[in-house]
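Note that the sequence shown covers residues 335 to 416 in my numbering.
One should not assume that every hint holds.
Using 25 Å as the maximum straight-line C-alpha spacing, the simulated SDA-like pairs for lysine to any residue come out as follows [unchecked claim]:
{"id": "1", "residue 1": "Lys341", "residue 2": "Thr411"}
{"id": "2", "residue 1": "Lys348", "residue 2": "Phe394"}
{"id": "3", "residue 1": "Lys341", "residue 2": "Glu380"}
{"id": "4", "residue 1": "Lys410", "residue 2": "Thr344"}
{"id": "5", "residue 1": "Lys343", "residue 2": "Asn368"}
{"id": "6", "residue 1": "Lys410", "residue 2": "Asn389"}
{"id": "7", "residue 1": "Lys341", "residue 2": "Phe394"}
{"id": "8", "residue 1": "Lys348", "residue 2": "Asn358"}
{"id": "9", "residue 1": "Lys348", "residue 2": "Glu382"}
{"id": "10", "residue 1": "Lys410", "residue 2": "Asn352"}
{"id": "11", "residue 1": "Lys341", "residue 2": "Glu388"}
{"id": "12", "residue 1": "Lys410", "residue 2": "Gln356"}
{"id": "13", "residue 1": "Lys343", "residue 2": "Asn358"}
{"id": "14", "residue 1": "Lys410", "residue 2": "Phe394"}
{"id": "15", "residue 1": "Lys343", "residue 2": "Asn401"}
{"id": "16", "residue 1": "Lys348", "residue 2": "Ile338"}
{"id": "17", "residue 1": "Lys410", "residue 2": "His353"}
{"id": "18", "residue 1": "Lys343", "residue 2": "Phe394"}
{"id": "19", "residue 1": "Lys348", "residue 2": "Phe366"}
{"id": "20", "residue 1": "Lys348", "residue 2": "Val367"}
{"id": "21", "residue 1": "Lys410", "residue 2": "Gly351"}
{"id": "22", "residue 1": "Lys348", "residue 2": "Glu380"}
These aren't lab readings, by the way, just hints derived from the structure by calculation. Here the structure is a predicted model, which means the values were calculated and not measured.
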Amino acid sequence: MNEIQSKIKTFLSKFFGNHDLQPNEDIFALGFVNSMFAMQLVLFVEQEFQIAIENEDLEFENFRTINSIANLVERKTAILVQ
């Protein structure tokens with residue numbers, strides 16, 4: 335697990351109690367996500383990784399798993415580096 339994935343897992347673990355969330359586990363299928371939590375997750379990603387989440391980024395597929403969130407962060411930060 336890389337640093338981005340670790341930070342995401344640490345954040346999510348605060349809300350998932352004793353559940354050991356795996357990198358490819360669907361947080362929506364687990365039933366832990368409501369609209370308020372989804373907004374908290376987006377804000378966390380923006381603040382923690384200093385990126386802007388645009389409307390086109392707000393798709394379930396980008397936030398479904400630790401890996402998908404990390405991939406989104408990596409894509410957004412790669413754009414900033416160019």
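Here is how each hint holds up against the structure:
no., hint, verdict
1, Lys341 <-> Thr411, "15 Å, holds"
2, Lys348 <-> Phe394, "20 Å, holds"
3, Lys341 <-> Glu380, "13 Å, holds"
4, Lys410 <-> Thr344, "20 Å, holds"
5, Lys343 <-> Asn368, "18 Å, holds"
6, Lys410 <-> Asn389, "13 Å, holds"
7, Lys341 <-> Phe394, "20 Å, holds"
8, Lys348 <-> Asn358, "18 Å, holds"
9, Lys348 <-> Glu382, "15 Å, holds"
10, Lys410 <-> Asn352, "31 Å, violated"
11, Lys341 <-> Glu388, "21 Å, holds"
12, Lys410 <-> Gln356, "23 Å, holds"
13, Lys343 <-> Asn358, "11 Å, holds"
14, Lys410 <-> Phe394, "16 Å, holds"
15, Lys343 <-> Asn401, "10 Å, holds"
16, Lys348 <-> Ile338, "16 Å, holds"
17, Lys410 <-> His353, "29 Å, violated"
18, Lys343 <-> Phe394, "17 Å, holds"
19, Lys348 <-> Phe366, "11 Å, holds"
20, Lys348 <-> Val367, "13 Å, holds"
21, Lys410 <-> Gly351, "29 Å, violated"
22, Lys348 <-> Glu380, "18 Å, holds"
Checked against the numbered hints above, the structure breaks hints 10, 17 and 21 and satisfies the rest.
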